[in-house]
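Protein chains in written order, with this note's numbering: chain B, 1 to 607; chain V, 608 to 1139; chain R, 1140 to 1445.
Hints may contain errors.
Below, computed lysine-lysine pairings styled on BS3-like, alpha-carbon distance capped at 25 angstroms [claimed, not checked]: (1) B:K400 - B:K388; (2) R:K1190 - B:K388; (3) B:K388 - B:K247; (4) B:K388 - R:K1300; (5) V:K832 - V:K819; (6) V:K832 - B:K400; (7) R:K1250 - R:K1190; (8) B:K388 - R:K1250; (9) V:K647 - B:K388; (10) V:K647 - V:K743; (11) V:K831 - V:K819; (12) B:K247 - B:K230; (13) R:K1190 - R:K1239; (14) B:K336 - B:K230; (15) R:K1239 - R:K1250.
Just so you know, these hints were derived from the structure itself, not from any lab.
Keep in mind it's a predicted model, so treat the numbers as computed, not measured.
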Amino acid sequence: MDLHITGAEATDAEREAVDRLLGAPATGWQGAARDIGRDGRTAVGGRLVSGDRDQLLPAFHAVQDAIGWISHGALNYICTRLSVPPAEAWGVVTFYHLLATEPRPAAVAHVCDDIACRLNGADQLCRDLESRLAHAVHRSPCLGQCDKGSAALITRAGSDPERFVLAPATVDQISTVLASPKLADNRRASEGGPSVGAGAGARIARRIMVADPTSLASYRQHGGYVALTKAIGLGPAAVIAEVSAAKLLGRGGAAFPTGRKWDAVARESARPHYVVCNADESEPGTFKDRVLMEQDPFAVIEAMTICGMATGSERGFIYIRGEYPESEAAIGEAMKQARAAGLLGSRVAGSNHAFDIEIRRGGGAYICGEETALFNSIEGKRGEPRSKPPFPAQHGLFGKPTAVNNVETLVNVLDILIEGGAQWARTGTAGSTGTRLFCLSGHVAKPGVYEIECGQTLRHAIDLAAGIPGGRALQAVLLGGAAGTFVGPDALEMPLSFEGARAANATLGSGVVMVFDETADLMDTLARIAQFFRDESCGQCVPCRVGTVRQAELLSRRGGSLDPPTVLLAELGQAMRDASICGLGQTAASAIESAFANVPALKGRAS
Amino acid sequence: MGGGTSSYQEIEETDCILLWGSNARETHPIFFHHLLAGLKRGAKLYAIDPRRTASAQWADVWAGLDVGTDIALSNAMAREIIASGLANREFIEQATTGVEAYRELVEPWTLARGAAETGVPAAVIREMAHTFATAKRAIICWTLGITEHHTAVHNVMSLINLALLTGHVGRWGSGLNPLRGQNNVQGGGDMGALPDRLPGFQHVENDAVRAKFDAVYGVAVPPKKGWHLSDMFNAMDRGELRALYVIGENPVQSEADQHRATRLLEGLELLVVQDIFLTETAQRADIVFPAAAGAFESDGTVTNSERRVQRVRKTLNPPGEAREDLAIICDLARQLGHDWTPDAEAMWNEVRQLSPVHAGMSYARLEQHSGLQWPCYDDQHPGELFLHSRLWERPVRGPRAPFSLVRHELPLDQLDAEFPLRLTTGRRLAEYNTGVQTGAYASPTRRGETIDLSPEDASRLGLAEGQPARITSRRGAVVAPVHIDQALRPGLTFMTFHFPDDVATNMLTNDATDPLVGTAEFKATAVRIERA
Amino acid sequence: MRPDEISFRLPPPAAAIPARPPEPVPTMVPLTIDGRAVEMPAGSTLLDACKTLDITVPTLCYLETLTPVNACRVCVVEVEGARVLAPACSRQVESGMVVKTRSPRVDLSRKVVLELLGSSVDLSTAPGLAEMMVEYGARPERFQESLGSASSVSSVAQPVKIDNDLYVRDYGKCVLCYKCVEACGTDAQHTFAIAVAGRGFHAHISTELDVPLPDSACVYCGNCIAVCPTGALMATPEFELRQAGAWRPETQAVTDTICPYCGVGCTLTVHVQDQQIVKVTSPFDNDVTRGNLCVKGRFGFEYVNK
């Protein structure tokens, strides 16, 4: 295409960063030094060079990692390399909050001030940091470290860039780390494993803190790759039959039957097919996929491989949120070992199936957890959700049939194949088979990830986390995260199953169980939730783009001390739910509405 | 030369496009929208142009040939198509003549020789030949890069040969399309503004045709073909042409070799100019008729590049004493003793009466269908989307299509030590011809005339962006600021002719013309460039 | 070779008038809209079906020449059995669908969407919006009433961008319908001078780094102006006449003619006020232009205004 590249040119360092990712440019027309013998007579263009658009976000990350921000010159060079119009690239780079388009310090802390951490004083932590470190500190939505009480994502740009999470994190620790030349030397504080527990015997969490997550051998010793071997023996149709028999429902929030999804993709005649693992776990209060990826990465890879085999896909993508550098590293290392062992590649485990995986790092956008926004993000576009229908099984990544599953969902498939679907389905309830990982946070004594058989009560979950500390009374529980529902103390006997939640007009969403005791300022939490949706709306459709702003304005007016104007909020919520394009807008009012409906202290204020 | 064979819609539905000597992205922007729709649908685009233009940047492959080597390239492609067994034998046997001689002619044009003569890598020639020949549908489009050469007609024929060889003509999505540079170039041809034609492409030397016109006109149409533009200038030079009536043309600035054109026009006994502006030509006229602006201040029709006759409507009253062309001509006729009424529709109906291909195009139907494509023989005829479908009838209706034996010839203005650089000319998106019309609006992209150089030449000549340079050809010299353009390679330079008042590019160009149709070789001038 | 041999000969008429190859016949899909049965070709949208039935559905971001982005959501309708409302402009018909184009849910959503736009965007030059507000009982001032002051109601108000002689960009009037981006991009012009940048309420139409148009890829075709539904993008003559209070569309003569420039033959719809051309557009249903023009066609008329 006739690109119009004007303005600044990239520095050598910026070029190097991009070339490390993309390789050296092939011709002068794509950014190499002009060689008239070659470039003076012919050039390939048009479609042939715009096929790399999906490298746009990785290229931005490469420059962000190396330089610390993306300059006009760097943008121009990336555009030349990938044949992307600069205005479109600008639209993409400004979509992601982890990408900077203004110079900023090389070392930066993204500090969580979201709902769980706020219960622990995150707002004050951020204020202190902002006064001490100014531009090196950025407030962040939930970093998925809710069991730690506070958290900061630390990044340092340079030729040897660093990215890691400090959790818990104090003002002093963050200040010290940012001041050090080699930041990771000071990350002691984040060491120590996750809090993981299980009710009636761990299943999907059974290798966590047991097997060595960095070792394929250890994974195999603990039952790894048995399922893949079995899957290869069974063949695609039988694998899908087992998954269907297990009645496995998606664990990302939408609870769609996984077997039906795989079957739909497998039946599509369009080729190629893709597997996408949605590891953009961004729902505030959710951190179980992170624990799985960090502690059992081979399981994620094995399950994706099975999915690829079953759905006729040879390429898989795992889209990991940018705030999870440890997950990215663990999956990357595991992929390397799996590839070396022939478990990924042209003949997976000696079979005739080819399958390999690419990691894609998110750029700091909650909306990219929406599956179609995630596809757009991988494709190098703005992470804006698409209209559905068409659904991913027909028109997914790159417009092709795509099986997209959340991390936890996929990992369940391993046991389903080992045990057989029907046998596996005996756990849990009739409508909600298996176990689920719940993320207990907030006012519980032992926050962490707990594996609970579907159908156990909410009280049981809170008890597993050792209850509310200090003998304080329960005020409310947020189920399913910012897009979920608040329930009051009267809901403690609610079964944690899809049907149980539905009966209580609640949702389990992504498995968030955030506990608020009587001391919690729920109006502050509601205002933060409203801000969250305002900040994370992609901006595409009117009800969500403007509606989330109005909702935040109404909830934070005069410090949030007033009763909200009921009719206006209710109509706003109804319109967002009915008329928004995607789940973000459709659920942006649900936690807030449920709080006024279900939490005793708020009930009078909005009836 | 007739008209383009295909409709715009077809380029959206074809599989392979050869865009040859055309920067349609800038010169035919809305046609390029249709072409882009074709690319989106999956068509392959090959751009054949010395420069890597904005259009060429959309191409799957750009073939940067040397200026004036189009026939060499075409013949090499043909040879490759034949040698690879990709010629459409059935079509050739049934619908063409002269293939044997053609085969012999192109036989020496191996890929290697084609590459040596054109500069285009052999692999690129091969790929274009194979893709074009094997495409289910394929279209060749061209503009002045093909026709502003002394071999203009031969260049066109060499492209027609490629279409005949592969059967890419006469079917939906396959055809040959000259993109017309001006809004009524096609219409001028339709109306017989050609030396040898009467309206509807009817030959003036055909007695039956003339008799029909004689009867309606009430006078005897001269039985001989006339002069084309270059003939006219030569006739002026010989003193045979002494009076000239110029309507809406600015030859002082638009003709190649401006010195000569000006001298000849000034030497006329009578020069009458009818124009909307007091152009450089009008300033030299004995009589000036101020005219209305065709598109906005008069009624009538024009014909576009897909042969669509379209209604032009008066939207404004002409300023001052300016009058519609038709009214001026009718007044002249009255002075000559004929009582003509200036009525555009009545005149059009006379055309319909005489030109079978326009017969079905009443004003009412043109209105109803947003224009109709000729041929349109009667009131029921929908107009034809594409021409020459008869070549696919078996047996072929009418004469078969002949292959033409055309040979490669280099441009006449040859490069040598004194004039070592090739200057080629063309248009920019926001400008039009000599700038008479476009000069009035404030285009934010207007940057005036420049001499565009490759980075290598600029550096070798010690010229920086914006620095003035003197450009000298065998006919004249001008000074223009330098613009460095990656689209050019060493030895190739470029200018427009949009700003003749500032830089008279046509002082440089060669008025050597194609002997067949008289188009001047604007595209190939030998120059030297130095600091001014 | 003699010129006669090479010159064009009109071919004899073909046996049959050449035609485009026939398209496969689409299957027909039966559905019910507002209680009325209709059959539509597969691939049609609910909006197409509504048009067939002469049912009016309001639209803002929809245009027949552009890919639906279904961003404005004023065209939402109720599909029986669906959890949420569906955008009529892009939802394709399905067999057995039962659709209501007016219902309490539909009307509420349309009302709130119009209120959200009205409270955040200057809609004063958006044709048809005031009437739509009345029809749905939208009261954008409700937010200000609840929040106490105008300053606590966020809006996109901002200064007009005037950075070239041909057109202005008044993004305080932008509803972010994406039409200009589509017209500049893959639906027509493929110049990609503008895109949506930023996110959420800060999403806005932007050149790269928000540089002024003369520093951008813009080629001034004005195809963005042609599709803008609110007057956020406006050719300079109209902008200046409006500023002077002298824009009088009711007095304008509107005539179609053909562009005086290249040989493509674009239809120009010329708007004349007081013997001056004040605006040029092209019909969206024209086969040559589909509503698009180039810079010369849209702006190159000054030579007859002088």
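Now for the hints, and whether the structure bears them out:
1. B:K400 - B:K388: 14 angstroms, holds
2. R:K1190 - B:K388: 22 angstroms, holds
3. B:K388 - B:K247: 24 angstroms, holds
4. B:K388 - R:K1300: 36 angstroms, violated
5. V:K832 - V:K819: It holds: about 17 angstroms lies between the C-alpha atoms, which stays within 25 angstroms.
6. V:K832 - B:K400: 62 angstroms, violated
7. R:K1250 - R:K1190: Holds - the C-alpha atoms of K1190 (chain R) and K1250 (chain R) are around 22 angstroms apart, at most 25 angstroms.
8. B:K388 - R:K1250: 23 angstroms, holds
9. V:K647 - B:K388: 23 angstroms, holds
10. V:K647 - V:K743: 17 angstroms, holds
11. V:K831 - V:K819: Given that 25 angstroms is the threshold and the Cα spacing comes to 16 angstroms, the pair holds.
12. B:K247 - B:K230: 19 angstroms, holds
13. R:K1190 - R:K1239: Distance ~14 angstroms between K1190 (chain R) and K1239 (chain R) Cα, so the pair holds.
14. B:K336 - B:K230: Holds. K336 (chain B) to K230 (chain B) sits at ~22 angstroms (cutoff 25 angstroms).
15. R:K1239 - R:K1250: Cα-Cα ~16 angstroms, so holds.
Checked against the numbered hints above, the structure breaks hints 4 and 6 and satisfies the rest.
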